[in-house]
Structures are given as C-alpha cells and as structure tokens.
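Taken in order, these protein sequences are the chains called A and B. When we follow the working numbering, the leftmost residue of the first sequence carries the number 21, and every step to the right adds one. When we follow the working numbering, the leftmost residue of the second sequence carries the number 79, and every step to the right adds one.
Just so you know, these hints were derived from the structure itself, not from any lab. Check before you lean on any hint, since a few could be wrong.
[Said to hold, decoys possible] Far from chain A, some chain B residues (derived; all Cβ distances over 12 Å):
#	residue
1	Gln105
2	Glu107
3	Asp111
4	Thr218
5	Lys320
6	Asp327
7	Pro482
8	Pro487
9	Asp510
10	Glu520
11	Gln586
12	Glu705
13	Val788
14	Asp789
15	Ala795
16	Ala796
[Said to hold, decoys possible] Distance condition first, Cα-Cα at most 20 Å in a straight line; then the derived DMTMM-like pairs of lysine to aspartate or glutamate:
#	chain 1	residue 1	chain 2	residue 2
17	A	Lys23	B	Asp201
18	B	Lys841	B	Asp603
19	B	Lys649	B	Glu704
20	B	Lys668	B	Glu656
21	B	Lys184	B	Glu107
22	B	Lys841	B	Asp466
23	B	Lys649	B	Asp676
24	B	Lys642	B	Glu730
25	B	Lys649	B	Glu683
26	B	Lys733	A	Glu150
27	B	Lys733	A	Asp116
28	B	Lys96	A	Glu153
29	B	Lys96	A	Asp146
30	B	Lys841	B	Glu730
31	B	Lys649	B	Glu700
32	B	Lys388	B	Asp424
33	B	Lys733	A	Asp135
34	B	Lys96	A	Glu150
35	B	Lys677	B	Glu704
36	B	Lys388	B	Asp292
37	A	Lys23	B	Asp207
38	B	Lys320	B	Asp158
39	B	Lys677	B	Glu660
40	B	Lys96	B	Glu107
For glycine and all other residues, C-beta sits at the position ideal for the given N, C-alpha and C.
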Amino acid sequence: MSKTAHVDITVNGERHSRDVEARTLLVGFLREHLGLTGAHVGCDTTNCGACIVHVDGESVKSCTLLAAQCDGAEVTTVEGLARNGELHPLQQGFWDHHGLQCGYCTPGMIMAAADLLQRNPDPSEDEIREGLEGNLCRCTGYHNIVKAVQAAAGQEVRA
Amino acid sequence: MSTGNGSNGWVGQAIRRKEDPPLIKGQGEYTDDMYLPGMLHAAIVRSPEASATITNIDKSEAEAHPGVVAVFTSEDMAHDFLGPLGTVWAPPGVEMHDPGQWPLAKGEVKHVGQAVAVVVAHDRGTAIDAAELVLVDYDTRPAVVDPEQALEDGSPLVHESFGTNRTHDWSVGGGDVDAAIAEADVVVERRIVNHRTSGAPIEPRCSLAEAQGDGVTLYSSTQVPHIARFVLSGVLGMSEDKIRVVAPDVGGGFGSKLQVYGEEALILGLARRLGRPVKWTETRSEHMATSHHGRDQVSYVTFAATREGKVTAIKLHTICDLGAYFGLLTPFTPELGFPVGNGCYDVPNVDLRFTGVFTNKFETDAIRGAGRPEIMHWGEVMMDQLADELEMDPVELRRRNFIPADAFPFETPLGIVYDSGNYQGTLDMLLDHVDMDSFRREQAGLREQGIYRGIGLSTYVEVCGLAPSRAVGPQGVGLQAAFWESAMVRVHPSGSATVYTGTSPHGQGHETGFAQIAADRLGIDPENVDVLHGDTDQGPFGWDTYGSRTLAVGGESVGRAAEKVQEKAKKVCAALLEAAPEDIELAAGKYQVRGSPDKSMTMGEIAGAAHIPPNELPADIEPGLEETSFYDPENFVFPFGAHACVVDVDVETGKVDVVRWVAVDDCGPAINPALIDGQIHGGVTHGIGQALYEQIVYDEEGQLVTGSFVDYALPTAAEVPMFETDRTETPSPVNRLGVKGVGEAGTIAATPAVVNAVTDALKPLGVTFMNMPLTPMRVLEHIQGGARPTEQGREIDTHGQGTAGSGPARTEEGGGLR
Chain A
21 MSKTAHVDIT VNGERHSRDV EARTLLVGFL REHLGLTGAH VGCDTTNCGA CIVHVDGESV
81 KSCTLLAAQC DGAEVTTVEG LARNGELHPL QQGFWDHHGL QCGYCTPGMI MAAADLLQRN
141 PDPSEDEIRE GLEGNLCRCT GYHNIVKAVQ AAAGQEVRA
Chain B
79 MSTGNGSNGW VGQAIRRKED PPLIKGQGEY TDDMYLPGML HAAIVRSPEA SATITNIDKS
139 EAEAHPGVVA VFTSEDMAHD FLGPLGTVWA PPGVEMHDPG QWPLAKGEVK HVGQAVAVVV
199 AHDRGTAIDA AELVLVDYDT RPAVVDPEQA LEDGSPLVHE SFGTNRTHDW SVGGGDVDAA
259 IAEADVVVER RIVNHRTSGA PIEPRCSLAE AQGDGVTLYS STQVPHIARF VLSGVLGMSE
319 DKIRVVAPDV GGGFGSKLQV YGEEALILGL ARRLGRPVKW TETRSEHMAT SHHGRDQVSY
379 VTFAATREGK VTAIKLHTIC DLGAYFGLLT PFTPELGFPV GNGCYDVPNV DLRFTGVFTN
439 KFETDAIRGA GRPEIMHWGE VMMDQLADEL EMDPVELRRR NFIPADAFPF ETPLGIVYDS
499 GNYQGTLDML LDHVDMDSFR REQAGLREQG IYRGIGLSTY VEVCGLAPSR AVGPQGVGLQ
559 AAFWESAMVR VHPSGSATVY TGTSPHGQGH ETGFAQIAAD RLGIDPENVD VLHGDTDQGP
619 FGWDTYGSRT LAVGGESVGR AAEKVQEKAK KVCAALLEAA PEDIELAAGK YQVRGSPDKS
679 MTMGEIAGAA HIPPNELPAD IEPGLEETSF YDPENFVFPF GAHACVVDVD VETGKVDVVR
739 WVAVDDCGPA INPALIDGQI HGGVTHGIGQ ALYEQIVYDE EGQLVTGSFV DYALPTAAEV
799 PMFETDRTET PSPVNRLGVK GVGEAGTIAA TPAVVNAVTD ALKPLGVTFM NMPLTPMRVL
859 EHIQGGARPT EQGREIDTHG QGTAGSGPAR TEEGGGLR
C-alpha cells in the first residue's frame with residue numbers, strides 16, 4: 021500500500037500539520053485536505069497554469085509538486101490574496117477590466133501575474149504576455165487579462 | 079406593447095460583471111470543487127484499440143485491490159440503461175444510420191478511448207490504479223481514419239451491420255447551379271480542408287451524482303442541464319420529476335459541454351446502484367480523446383462568376399468525418415451553417431451537399447460556431463481565391479457582391495430570410511481603421527527588407543438564435559426538440575427581483591446582461607436583480623446555452639417576462655394613485671402619473687402593496703408580482719461583420735505571427751459592450767488557434783497522437799495581439815430587443831482572415847492557396863513548393879497533409895479535384 025508522509029505546511033498564514041499519502045500533490049492537498057478549491061486542475065501536464073500558487077513567495081504549478089516537497093513551506097493561494105476584505109490590486113484589475121469569463125483559469129492567472137509584478141513591477145505589454153505564457157485561457161483571448169495586469173501595475177490602461 | 083428600455087438605461091452600459099467577485103477570490107463552485115459526504119470516485123477503463131472485438135474482461139485483480147468498491151462492465155449494468163445515447167437529428171425523408179452509443183462498450187470498441195469498464199473506489203487515485211488492473215482482451219480489426227478512404231469500396235467498415243461507412247446524405251439548393259457554372263466566365267474550384275479540433279475548455283468535464291430516495295441529482299459541468307435531464311430520463315428509464323440536473327459554475331464549454339455524455343448516464347447509474355455519491359473527473363487526456371471534437375470536413379467548392387466579378391453560383395460537396403458514434407448533433411453539425419451558404423453575397427444559384435462518414439475516431443459535434451465557421455471559412459477563402467483569379471482587389475470583389483443594405487429582409491435562394499444587415503457598413507468602418515493604401519505601401523517596403531507581411535479580410539454573416547422551433551424542430555429541419563426559451567421574473571416584497579432563465583451560462587455573463595435587461599424594465603438597479611440558472615429544480619423548463627442563442631432567445635424572454643411584471647406594477651400603481659394604468663409611466667426608476675411626476679411610487683412600494691395588499695387595491699388584481707415568459711421567435715437572427723488580420727511570416731522558419739487584428743461586428747444594439755468585446759476577443763483567439771496551431775491528429779491505426787496540451791497547442795498570451803474592436807448596430811426586427819448573438823462570431827470570422835493574410839504575405843513567393851493549420855512546417859512546404867499549375871483557374875490543391883482533416887501526415891501532395 022501507499023506510503024504516507026507527514027507534512028507541516030503554512031497556507032495563507034495558517035499552519036497545517038497532516039499525514040498524507042506520499043504521492044499527494046500540493047494541489048490535491050490544498051483542495052481535498054484543506055478545502056481550498058481556488059487552485060484548479062486543468063491539464064495534468066503543467067501546461068495550463070490553473071493550479072498556480074505561491075510557495076515561499078514564488079509561483080509554482082501545484083499539480084507538479086508533491087505536498088511532501090512543501091514540508092515546512094509557506095504557501096499562498098488565491099484565497100489568501102485579499103487582505104482585510106480589500107481585494108488585491110490584481111483581483112480588482114480582473115474585475116474592473118473584464119479579465120475573466122468562466123473564471124476557471126483566473127486564480128492561476130492572478131497568482132502568476134502577482135509573481136510577475138513582484139519580479140517586474142512595471143512590465144511592458146510584451147513582458148506581461150511572455151510572463152503569462154504558462155497560463156492558458158480559452159475565454160478571453162488574453163486582451164483584458166493584459167489590461168487587468170497593467171491596471172494592477174498602476175499603468176494607464178487604454179480603452 | 080412597447081415598453082422598451084424603461085427608464086434607467088442600464089442596457090447599453092459596460093457595467094462590471096455580477097459573476098466576478100467569488101471567482102476572483104477562488105470561491106467559485108465548479109463541479110470538481112464539490113465534495114459530498116461518503117462520496118466515491120470513479121475511473122474509467124478505456125479502449126487502447128481503434129477497432130476491436132472484446133474477447134474477455136478479467137476484473138478480479140481490480141476488484142481485490144484495497145479501497146475498490148465495485149468494478150462494472152456493460153454486462154454488469156445491462157439493466158441500468160434502457161437505451162443508448164444518440165443523435166436528436168432525424169431529418170424527414172433522409173436515411174440515417176445511427177449506431178447508438180452505450181455508456182459502456184457492448185462487446186466491441188470502435189475508437190480509442192471508448193469506455194469499456196468502470197472502477198469505483200474510496201479515492202480517485204485508488205480508482206485510477208485499479209482501472210489499470212482490469213485486463214481486457216481485444217481481437218483487433220483494421221481501422222479506417224480517413225473519411226474519403228472510408229467511402230471507397232473495400233474500406234474496413236466501422237459498423238458492419240450498415241454495410242457502408244456512409245451515415246447519410248443531405249442537400250439543399252436553389253436556382254440552377256450547373257447551368258450557371260456552364261455559362262460562367264470564370265470558375266474556381268478548390269478542395270478546402272477544415273481539420274479536426276478540440277473544444278478544450280480549461281475545466282475538464284466532471285460529473286457528481288447522488289441518489290436520494292427514488293430520485294437522483296446530477297451535478298455536471300454541462301452547458302445543457304435541461305436537455306441532459308430530458309435525455310437521461312429516457313436512458314435511465316426514470317421520470318423527469320425524479321431527476322435533478324445542476325450545472326454549477328462551469329469552466330468554459332465552447333460546445334464540448336453541449337452534449338449528454340455516456341459518463342453522465344454512467345455516474346447516475348452508479349449512484350443509484352451503490353446508494354452513495356459518485357464523482358468522476360475527466361483527465362485532460364480523456365478530454366482530448368473522448369470529449370467531442372469539432373470540424374473535420376473536406377469541402378469541394380466551386381465558385382462561378384462573371385469577368386466583372388459578379389458571383390453567379392456556389393456549389394459545395396462536403397465530406398464530414400463524424401467519427402464512430404453520434405452525439406446529440408453529430409450528423410447535423412456540418413449542415414447547421416447551411417442558412418448562410420451564400421455568405422454576405424447576393425448569389426442566385428447555390429447548391430450544398432453533405433455526406434456524413436463513419437471513421438474509427440471519436441465523434442465530432444458542435445464546437446464554437448458549429449457548421450458556420452466551416453461554411454464561412456470556405457466561403458471567404460474562395461472570395462479571395464476568386465479575386466486572385468480575376469486579378470481584382472478582394473475588397474472590391476466583396477463590394478460588388480454584397481446584399482445591399484436596403485434589400486433586407488432578404489430571401490436567399492435557399493429560402494432563408496436574412497433579418498437585417500449592412501455588410502457594406504461594417505466593411506467601410508473596418509477600412510476606416512485599416513487604410514489599405516498605406517498598408518500596401520508599408521507591405522512593399524517591408525518586403526524589400528525581407529519581411530513578408532500580409533493582410534486578410536473576412537466579411538461574414540452567421541446564423542444564430544436557435545429557435546425558431548418550427549424551422550428546426552421535428553417537422554422542420556428535423557431536430558427532435560424545440561428551441562424556445564423561458565424566463566421567470568419574481569419581484570420580492572421589498573422590490574428586489576430574482577430572474578430565472580432556462581439558459582445555462584459557462585462564462586458569458588448572463589447574470590449581468592440579464593440583470594441589465596430586467597432592471598430597466600422593472601425600474602430597479604441591476605445590483606438588486608439576482609439571476610438564477612442551471613438547475614432543473616428551479617424555474618421553468620428551458621433549452622440551455624449554445625449556438626449564440628442566449629441573448630436573442632433567452633434575453634428576449636427575460637425582457638418579455640419583465641415587461642409583463644411592469645404592466646402589472648403599473649396596474650397596482652394606478653389603483654393606489656387613483657389614475658388609469660395607461661397613464662402610468664416608468665421614468666428614472668419611478669412609476670409616475672404622466673404629467674404629474676410628484677405622484678409616483680417606487681418598485682419597492684408597489685411590490686410591497688402587491689404582496690401585502692391594502693384595501694385600496696381592487697380585488698380583481700391578483701396578489702404577488704411574478705411573471706413567466708415562453709418565447710419562440712419567428713426567425714433566426716443573422717449577426718455579421720468585417721475582420722482584418724495582419725500577419726508577418728518568417729520565410730526561413732515558416733512561423734506566422736499575428737501582428738494586428740481589427741474587428742467590426744454587428745450584433746444589434748449592445749446590452750453590455752464589455753461583454754461583446756470579450757466574446758469577440760476570445761472567439762477570434764479560438765479561430766487563430768485553429769488556423770495556426772491546433773489540430774487533433776490520429777495516426778493510421780486510429781491512435782490519438784494529440785492526447786494532451788503538450789501536443790495540442792492552444793494559443794497563449796504571447797501569440798495574440800491586442801484586438802481593435804468596433805461595432806455598428808443594426809437592430810434585428812425579429813425580437814423586441816433588436817439583438818443578435820455574438821458568442822461564436824469571432825471564431826466564425828477568424829480562420830479565413832488568417833489564411834487569406836498568410837496567402838497574401840506569401841504571394842511574391844508564388845504561394846496562392848493553403849489549407850489550415852498553417853503550422854511552420856506546412857507554411858515552409860508551401861514556400862518551398864511555390865506555385866502550382868493552374869488551368870483556366872482550376873488550381874490543383876496543394877494541401878500538404880492528408881486527405882482527412884485529422885488524418886495521418888502524408889508526404890505526397892493530396893488529391894486534386896474531382
């Protein structure tokens with residue numbers, strides 16, 4: 021039978037100490053063990069980015085990482101972005117600029133964009149597009165996603 | 079009755095979506111986000127063979143695997159399903175072979191991925207592990223994957239019992255096409271391939287079922303909860319009142335969830351059998367193999383014209399690769415575009431023929447546009463091919479053939495009445511944005527620097543707004559269904575409202591757009607209008623969301639129900655203000671006596687009186703404030719527009735970059751312009767994906783080559799530009815809102831614009847015609863192959879890859895003209 025692993029992971033500031041099946045993916049740990057279903061699974065092959073969360077401040081595809089690899093890590097998910105009831109600037113940008121339609125890719129897209137802005141607070145349009153290349157969206161054609169990120173970066177957004 | 083927009087003018091505003099706050103916080107509820115107490119997980123054992131007899135299934139090892147609850151084959155579930163799934167299309171007078179499709183294979187498999195057995199376990203990982211322990215013996219047979227080869231004598235038969243791979247023939251025509259071709263100055267013939275694609279929503283399909291008493295509930299990532307209940311009641315042999323189907327948040331559909339899948343019947347059957355909730359979530363590889371595909375048609379097209387550029391005839395024969403079994407609309411999907419067979423053009427002679435073919439592949443069915451992208455693709459590519467033959471500017475050729483704006487309503491030779499249009503108007507606006515003369519100068523300058531830039535146009539018309547039931551129903555085209563839409567508007571005692579719609583969204587923004595429509599008619603704020611959908615236990619029966627029908631049918635129905643409420647509100651108001659109902663007007667959110675604005679009531683006050691009637695309210699006014707509308711339009715609606723695509727082609731690598739896109743669309747008066755733009759952005763990107771990157775490929779044995787997003791390339795943010803969008807607004811006379819649909823328009827417009835642009839870019843290198851997808855390899859082949867021989871405009875097809883839209887690659891040039 022499958023082996024178990026003990027993990028001690030802090031998610032959105034809350035510490036969780038669990039025994040999980042050793043093969044449990046981080047996304048499975050978040051969704052099934054903690055009930056945090058914001059990170060989604062879209063492809064199983066690390067292509068779509070719907071599962072992106074931050075581990076120790078960096079964006080990772082949580083479908084390609086074992087929970088056991090995150091033992092001792094600090095994880096932030098889309099559920100942990102808003103502070104004191106205030107939307108994160110990216111959440112606000114996506115809402116203001118119609119940056120989502122079905123919303124399935126949105127949590128991963130927002131987390132990837134947050135990482136991008138952390139590394140490059142004033143990206144060009146090309147840098148935004150290249151920075152989000154690891155996230156697939158089938159609804160929006162990316163146009164309004166780019167605008168949402170520009171707005172979150174405090175840039176002027178053309179109509 | 080014309081209560082129109084009421085007063086507040088919410089309609090037309092680009093307000094932010096009501097849907098978004100939970101979705102941006104990770105609080106959406108998609109089917110796979112749901113965990114029910116005691117829930118079990120299913121995994122499906124699928125065929126690795128494209129054509130085989132099942133000689134033995136040994137499930138003993140899987141059954142013994144720790145954590146496994148049950149393993150079932152078709153035999154084990156023989157009494158769970160009354161009948162198979164199949165198509166709802168039964169065209170009068172047409173012989174149609176529908177093999178029927180059971181949730182689990184009965185003795186034979188006809189395509190890779192066909193469900194053979196199901197394993198149910200305590201967790202998903204265990205179910206998937208145990209599924210690999212089910213040992214199935216197959217006696218394989220030769221498969222056929224190319225639809226044209228499948229029609230040849232001696233081809234392996236997908237279904238031996240039919241004695242042929244031909245599923246059906248269907249045709250429609252008007253005028254005398256053959257005479258027009260014989261008399262024409264110029265005849266251009268092409269073989270145009272529209273290859274197989276995947277819908278590929280980012281949310282894979284998921285179904286979760288639970289049994290309660292003698293009833294069942296199915297939560298499913300579906301576009302069609304009402305149709306699913308209707309169909310599943312027959313498959314399971316349960317009355318509809320015992321089945322509840324819920325579509326929670328649905329992560330995109332693009333047609334791939336406009337289906338009632340075997341897995342949905344299977345999961346419901348398992349929940350009934352086992353008395354516990356059962357969930358199944360598709361892997362992406364399962365999606366690529368067994369969520370229905372789209373397109374996959376080979377079209378032989380003939381355009382006849384005068385030397386002056388007047389198109390006199392269009393003749394089409396399309397070979398449609400339908401796969402091994404039928405989904406709801408499989409055989410009808412190619413024909414679905416027939417009403418716009420003559421495009422934006424006044425062409426007196428049109429003849430369209432379709433031949434359906436079985437192959438050992440998964441079924442094709444409706445994917446974004448469903449039939450119209452294929453028709454507009456060959457139509458708009460042919461306009462450029464004809465322009466080239468005539469040595470005429472493609473813009474000028476289109477101008478000479480447009481149905482004039484003053485000719486609407488316009489009856490086409492196919493007996494279809496286009497409701498309204500101004501095709502010259504959208505093209506003129508497009509040319510305001512794109513100065514063709516300066517583009518040509520820029521293009522010439524860039525070519526001197528070795529940069530091959532091209533521009534391609536597409537002037538499209540599409541047909542949407544399914545309805546009208548009489549035209550497409552059993553006695554019309556032959557769909558065994560109706561296509562009206564329902565809405566119920568309930569105003570609560572405090573004056574807020576709930577709208578129930580029979581449509582079922584998966585990203586479009588119904589909750590916002592419908593709230594705007596209702597708010598104007600009720601005289602309240604859209605903030606106070608809640609829109610509910612996607613639950614067969616809530617609100618009246620409906621016909622769901624597909625085919626860009628939601629606004630033109632469902633939105634109109636919301637408007638009509640809200641207008642009925644407004645009429646009643648006026649009666650209540652009139653009685654309390656001692657005025658005549660016809661003297662009450664709704665203005666600036668108040669119901670007031672015409673000419674005496676000081677005498678007025680808010681909807682809140684009226685709703686309070688309607689629910690807790692004061693003595694002043696006459697007894698003949700029923701209490702409550704709630705109305706229902708069932709709306710069945712008298713005609714389709716016909717959105718249209720003009721798109722321009724600019725590409726740069728790297729002639730060393732064959733790589734195509736889309737550097738500019740301009741879209742001018744007309745879907746009637748805007749309800750919410752932001753939602754329209756969003757649909758165009760996404761729709762165009764879907765079309766760019768098909769034109770340049772995406773293709774479902776099977777090899778010669780029927781093995782699926784493109785089984786994941788590693789092999790099936792969706793466009794990313796880095797592959798598309800910012801889109802320039804503009805609109806004209808030509809109201810439809812069909813509905814009171816004047817609206818048409820826009821969900822598929824971008825996709826319908828896009829592929830020919832890309833192909834025409836790449837062809838334009840490569841013209842100096844002698845390339846004159848190409849088939850999609852324009853991958854670097856395909857483009858390089860054309861560049862290296864150069865021009866093909868032509869004979870009186872009868873150019874030999876130079877497609878480089880297979881005769882099938884999804885067939886194996888071939889090194890030799892494909893077949894010529896027939």
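Hints, one by one, checked against the model:
Once the 12 Å rule is applied to beta carbons, B:Gln105 is inconsistent with being away from chain A; the minimum gap is 7 Å. The claim that B:Glu107 lies off the interface is violated: its Cβ sits roughly 8 Å from the closest Cβ of chain A, which falls inside the 12 Å cut-off. With 12 Å as the threshold on Cβ separation, the claim that B:Asp111 sits away from chain A is violated: the shortest Cβ distance comes to roughly 4 Å. Residue placement check: B:Thr218 keeps its beta carbon more than 12 Å from all beta carbons of chain A (closest about 28 Å).
With a least beta-carbon separation of about 29 Å from chain A, B:Lys320 lies farther than 12 Å from that chain, consistent with its non-interface assignment. For B:Asp327, the requirement that its beta carbon stay farther than 12 Å from each beta carbon of chain A is not met, with the minimum near 7 Å. Residue-level check passed: B:Pro482 sits 33 Å from the nearest beta carbon of chain A, beyond 12 Å. Every CB of chain A is more than 12 Å from the CB of B:Pro487 (nearest about 33 Å), matching its label as outside the interface.
At roughly 17 Å, the least C-beta separation between B:Asp510 and chain A is larger than 12 Å, which holds for a residue marked as non-interface. Distance check for B:Glu520 against chain A: the nearest CB is about 21 Å away, which clears 12 Å, and the non-interface claim stands. Distance check on B:Gln586: its Cβ comes as close as 7 Å (rounded) to a Cβ of chain A, failing to clear the 12 Å threshold; non-interface status is violated. Non-interface call for B:Glu705 relative to chain A: holds, since the shortest CB-CB distance, roughly 30 Å, exceeds 12 Å.
Listed as outside the interface, B:Val788 is inconsistent with that label: its C-beta sits roughly 5 Å from the nearest C-beta of chain A, within the 12 Å cut-off. Not every CB of chain A is more than 12 Å from the CB of B:Asp789 (nearest about 9 Å), against its label as outside the interface. Taking the minimum C-beta to C-beta distance to chain A, about 4 Å, the non-interface status of B:Ala795 is violated against the 12 Å cut. Once the 12 Å rule is applied to beta carbons, B:Ala796 is inconsistent with being away from chain A; the minimum gap is 5 Å.
Straight-line distance between C-alpha atoms of A:Lys23 and B:Asp201 comes to about 15 Å, which keeps the hinted pair within the 20 Å bound. Taken as a hint, the B:Lys841 and B:Asp603 pair is broken in the structure, with Cα atoms around 56 Å apart against an allowance of 20 Å. Taken as a hint, the B:Lys649 and B:Glu704 pair is honoured in the structure, with Cα atoms around 14 Å apart against an allowance of 20 Å. For the given pair, B:Lys668 sits about 16 Å from B:Glu656 by alpha-carbon distance, which is consistent with the 20 Å threshold.
Proposed proximity of B:Lys184 and B:Glu107 is contradicted: the alpha carbons are some 36 Å apart, above 20 Å. Taken as a hint, the B:Lys841 and B:Asp466 pair is honoured in the structure, with Cα atoms around 10 Å apart against an allowance of 20 Å. For the suggested pair B:Lys649 and B:Asp676, the alpha carbons sit about 18 Å apart, so the restraint of at most 20 Å is met. For a cut-off of 20 Å, the pair hint linking B:Lys642 to B:Glu730 is broken: about 64 Å separates their Cα positions.
A C-alpha spacing of about 13 Å is found between B:Lys649 and B:Glu683, which places the hinted pair at or below 20 Å, so the restraint holds. Between B:Lys733 and A:Glu150 the CA atoms are separated by roughly 17 Å; this keeps the pair inside 20 Å, and the hint holds. Among the hinted pairs, B:Lys733 with A:Asp116 is inconsistent with the structure: their alpha-carbon atoms are about 35 Å apart, more than 20 Å. A hinted pair counts as satisfied when its Cα atoms are at most 20 Å apart, and B:Lys96 with A:Glu153 does not qualify at roughly 28 Å.
Distance restraint check for B:Lys96 and A:Asp146: the Cα-Cα separation of roughly 30 Å exceeds the 20 Å cut-off, and the hinted pair is therefore not satisfied. Between B:Lys841 and B:Glu730 the CA atoms are separated by roughly 16 Å; this keeps the pair inside 20 Å, and the hint holds. The straight-line distance between the Cα atoms of B:Lys649 and B:Glu700 is roughly 11 Å, inside the 20 Å bound, and the hint therefore holds. For the hint linking B:Lys388 to B:Asp424, the alpha-carbon distance of about 9 Å falls within 20 Å, and the restraint holds.
Between the alpha carbons of B:Lys733 and A:Asp135 the distance comes to roughly 30 Å, so the proposed pair goes past 20 Å and is violated. In summary, the hint linking B:Lys96 to A:Glu150 is not supported, as the alpha carbons are separated by about 30 Å, beyond the 20 Å threshold. About 24 Å separates the Cα atoms of B:Lys677 and B:Glu704, which puts this hinted pair outside 20 Å; it is violated. Restraint check for B:Lys388 and B:Asp292: the C-alpha separation of about 65 Å exceeds 20 Å, so the hint is violated.
Restraint check: the Cα-Cα separation between A:Lys23 and B:Asp207 comes to about 15 Å, which is no more than 20 Å; the hinted pair holds. Proposed proximity of B:Lys320 and B:Asp158 is supported: the alpha carbons are some 15 Å apart, at most 20 Å. A C-alpha spacing of about 15 Å is found between B:Lys677 and B:Glu660, which places the hinted pair at or below 20 Å, so the restraint holds. With a CA separation close to 15 Å, the supplied pair B:Lys96 and B:Glu107 stays within the 20 Å bound.
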